[in-house]
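Participant: First to last, the sequence lines map onto chains W and H. In terms of the UniProt record's numbering, the first sequence has 60 at position 60, counting the first letter as 1, and numbering is strictly consecutive. In terms of the UniProt record's numbering, the second sequence has 338 at position 338, counting the first letter as 1, and numbering is strictly consecutive.
It is worth saying that the hints were derived from the structure and are not from the lab. Check each hint, because a few of them may be wrong.
Each computed DSSO-like pair below joins lysine-lysine, with the alpha-carbon atoms no more than 30 Å apart [to be verified]:
1) W/LYS99 - H/LYS274
2) W/LYS99 - H/LYS65
3) H/LYS65 - W/LYS75
4) W/LYS97 - H/LYS87
5) H/LYS201 - W/LYS99
6) H/LYS57 - W/LYS67
7) W/LYS97 - H/LYS232
8) H/LYS65 - H/LYS23
9) H/LYS160 - W/LYS75
10) W/LYS87 - W/LYS99
11) H/LYS160 - W/LYS3
12) W/LYS56 - H/LYS280
13) H/LYS341 - H/LYS184
14) H/LYS204 - W/LYS88
15) W/LYS68 - H/LYS232
16) W/LYS68 - H/LYS118
17) H/LYS57 - H/LYS77
18) W/LYS75 - H/LYS108
19) W/LYS87 - H/LYS274
20) W/LYS87 - H/LYS213
21) H/LYS38 - H/LYS64
22) W/LYS88 - H/LYS216
23) H/LYS204 - W/LYS99
24) H/LYS22 - H/LYS87
25) H/LYS201 - W/LYS3
26) H/LYS160 - W/LYS56
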Amino acid sequence: MNKTIAQATISVNEEGYLTDFSQWTKEIGEEIAKEENIDMSDRHWEVIDYIHNQYKNEVALSIRGIKKSGVINIKEFYGLFPGGPLKKCTKIAGIPKPKSCI
Amino acid sequence: MKNLVILGAGTSGTMMANHLIKKLPKSEWKITIIDQYKTHYYQPGFLFLPFDIYTTKQVKKNGKKFIPKGVRYIQEKIELIVPEKNKVILEEVGELTYDILIVATGTKIAPEEIDGMKSPKWYKNIFDFYTYEGAKALRDKLRDWEGGKLVVHISEMPIKCPVAPLEFAFLADSYFKNKGIREKVDITFVTPLDGAFTKPKATKALHYLLEEKNIKEVTDFNIERVDFENNKIIDYADTEVEYDLLVTVPTNMGDALLERSGMGDDLNFVPTNKATLQTKDYENIFAIGDATDLPASKAGSVAHFEAEILTDNIMRHINGEPLKEEFDGHANCFIETGGGKALLIDFNYTHEPVEGTFPFPGVGPLQLLKESRTNHMGKMAFRWIYWNMLIKGIHIPFVSATMSTKGKQLEEVNT
Chain W
1 MNKTIAQATI SVNEEGYLTD FSQWTKEIGE EIAKEENIDM SDRHWEVIDY IHNQYKNEVA
61 LSIRGIKKSG VINIKEFYGL FPGGPLKKCT KIAGIPKPKS CI
Chain H
1 MKNLVILGAG TSGTMMANHL IKKLPKSEWK ITIIDQYKTH YYQPGFLFLP FDIYTTKQVK
61 KNGKKFIPKG VRYIQEKIEL IVPEKNKVIL EEVGELTYDI LIVATGTKIA PEEIDGMKSP
121 KWYKNIFDFY TYEGAKALRD KLRDWEGGKL VVHISEMPIK CPVAPLEFAF LADSYFKNKG
181 IREKVDITFV TPLDGAFTKP KATKALHYLL EEKNIKEVTD FNIERVDFEN NKIIDYADTE
241 VEYDLLVTVP TNMGDALLER SGMGDDLNFV PTNKATLQTK DYENIFAIGD ATDLPASKAG
301 SVAHFEAEIL TDNIMRHING EPLKEEFDGH ANCFIETGGG KALLIDFNYT HEPVEGTFPF
361 PGVGPLQLLK ESRTNHMGKM AFRWIYWNML IKGIHIPFVS ATMSTKGKQL EEVNT
C-alpha cells in the first residue's frame, strides 16, 4: 500500500515498513520516528547508519550484533528506541523487520 | 593426485561425499572427509525424543555406514584451517593439504553465551532439545513432571530449524493432554522476534493454532540472563518471565574451529556467497549447510538443495567455468502441530510460505500451509527418506533444488 509522508509517496507493508529501500530518505525516517514517539538525535542517527551498513552487507540484525558493534550498548539502545528497539529502528531505517522463516 | 577435503560428516558433509564420489574421476581426485564424532544423528528426531515418540535408537547410527567406499574417512578433531597455505591441521594425522575445501561443520548450541543459562540447574529444570543429550535428559524429566509453568524459549536468531521451538510447544500441548494433565501445565512461548509467526501470510493462516492450544506468547524478548536461583528469565527491558521448566534454544554458533582459523563472523559462521556457496574470502573454499552465514533457514532440506547446486559448482570450478548463481534459499519443512497433524511450508529467499499443493501443482498430495494428517505422515516418512536417500545423495523425485512457484497461491506476495 502507498503512504504519503514528508511530502513523498512511499510503499509500505501492512505494518508500516518500507517495501522499497530506495524510496527512503532521512526526512522519511524522521517522520516515521515521530509516529513511534521518537525524537531523532545525532545518537539515534549513528545507530541508523550502523543498521544501514549491516543491511547493505546483508548481515542479519541481532541484539548480539548491536552489542559487538562498538556503536552503542544494549541499555542505551533500549533507551533510544523504547519497546522493541530492533523492530523500531528497522522501521525508521526503511528496511525489513527481523524475521523468522514463517 | 588432487585432494578434495570435506570438514564435517553431518548431513551436509555426508551428502557432499556421496555426490562427489560419483562425479570426480578416481584417477585424479582423492576425497577425504573428517569428523571427530562416530555417531551420525537424525537431528529432526530430537524434537520427538523428549515426548517418547521416537526412541534413542531411531535417531542415531554409526556415521561410517553412510560414507561411500573410496572416500577416506578420518575420525579426528580438526585443529586449524590455514587457508593461505591450503592446508588443514589435525590433532594426530598432522597436516593435510587440499586443492578444494568444503566446510560443513554445522552449528552448535552455546548456552554459556547467556549469563546463568549453563548453571547448576542445567539439565535439572533448564534444558535444550537441540542435542542428543539435552533431548534425552528432557525426556526423562518430562516422564515424571507433574506440571507447572513450561516456558519454551528462543535466545537469539539465527537458530537451526527456526520452527522447531514452536513445534515443541505444539507437541507439548498434545503430550500433556494425552497424559491428562494439560490443565496443570501453563505453556508460554518466548521469542526475541515480534511473534511466534513473523511472516504476514503465515501469521494470518496459523495464529489460530496458538489460540486453540492455549499457548501464550511473549514477544520482543531479548534475553539478558537466566536467574536460575529464582527460576526466571530476564530481558534487556527488564521484563521477567517465570518458569518451573525452561526449554530453551540457546544461542547457535558455528564451530570454534572457524574462530581459531579466523574464518568466521561474530557467531563463527562462514561468510559465503548466497547464490554460489563459494566462501567470500577464498575461491577454493566452499561452505554448505548450517556452517554458512546464508540468510536461509539452517535446516536439512536447505542443505539438501544446496548440495545439488554445490556439486555442480565444484565441477565448474574444477573445469575453470564460471559458477552458477543458482541457490535461491529454497527450504521445505514439515511442521508438527500435534494431535497427529502437520503443516508443510515451502519457501526461499524472496518468497514467503504460501498456501497451495506440493509437489504436484493442483494435486498434492501434500498441502502447503494447512494442517493435515497426510503432512504428518510425510514428516514421519521423512526419517526413512533421510537415512536411505537424503544423506546418500539420492535425488528426491519431483522436488527440485530451486523453489517452484507452480501450484501456489502467490498473488499476495510482495515482501
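Participant: Could you run down the list of hints and mark each one as holding or not?
Facilitator: Structure-based check of each hint:
1. W/LYS99 - H/LYS274: holds (18 Å)
2. W/LYS99 - H/LYS65: violated (38 Å)
3. H/LYS65 - W/LYS75: Status violated; Cα separation ~51 Å.
4. W/LYS97 - H/LYS87: Roughly 41 Å separates the two Cα atoms, so the pair is violated.
5. H/LYS201 - W/LYS99: holds (13 Å)
6. H/LYS57 - W/LYS67: violated (42 Å)
7. W/LYS97 - H/LYS232: Status holds; Cα separation ~28 Å.
8. H/LYS65 - H/LYS23: Measuring from Cα to Cα gives roughly 20 Å; hence the hint holds.
9. H/LYS160 - W/LYS75: holds (28 Å)
10. W/LYS87 - W/LYS99: holds (10 Å)
11. H/LYS160 - W/LYS3: Judged against 30 Å, a Cα distance of about 37 Å means the pair is violated.
12. W/LYS56 - H/LYS280: holds (15 Å)
13. H/LYS341 - H/LYS184: At roughly 24 Å apart (the allowed maximum being 30 Å), H/LYS184 and H/LYS341 satisfy the hint.
14. H/LYS204 - W/LYS88: holds (22 Å)
15. W/LYS68 - H/LYS232: Distance ~26 Å between W/LYS68 and H/LYS232 Cα, so the pair holds.
16. W/LYS68 - H/LYS118: Roughly 22 Å between the alpha carbons, so the hint for W/LYS68 and H/LYS118 holds.
17. H/LYS57 - H/LYS77: holds (25 Å)
18. W/LYS75 - H/LYS108: Between W/LYS75 and H/LYS108 the Cα gap is close to 28 Å, so the pair holds against 30 Å.
19. W/LYS87 - H/LYS274: holds (25 Å)
20. W/LYS87 - H/LYS213: holds (27 Å)
21. H/LYS38 - H/LYS64: Holds, because 7 Å separates the two Cα atoms, which is no more than 30 Å.
22. W/LYS88 - H/LYS216: holds (23 Å)
23. H/LYS204 - W/LYS99: holds (15 Å)
24. H/LYS22 - H/LYS87: Given pair H/LYS22, H/LYS87 holds - Cα atoms ~24 Å apart, limit 30 Å.
25. H/LYS201 - W/LYS3: Holds: H/LYS201 and W/LYS3 sit about 21 Å apart, inside 30 Å.
26. H/LYS160 - W/LYS56: Since the Cα atoms of H/LYS160 and W/LYS56 sit roughly 24 Å apart, the hinted pair holds (cutoff 30 Å).
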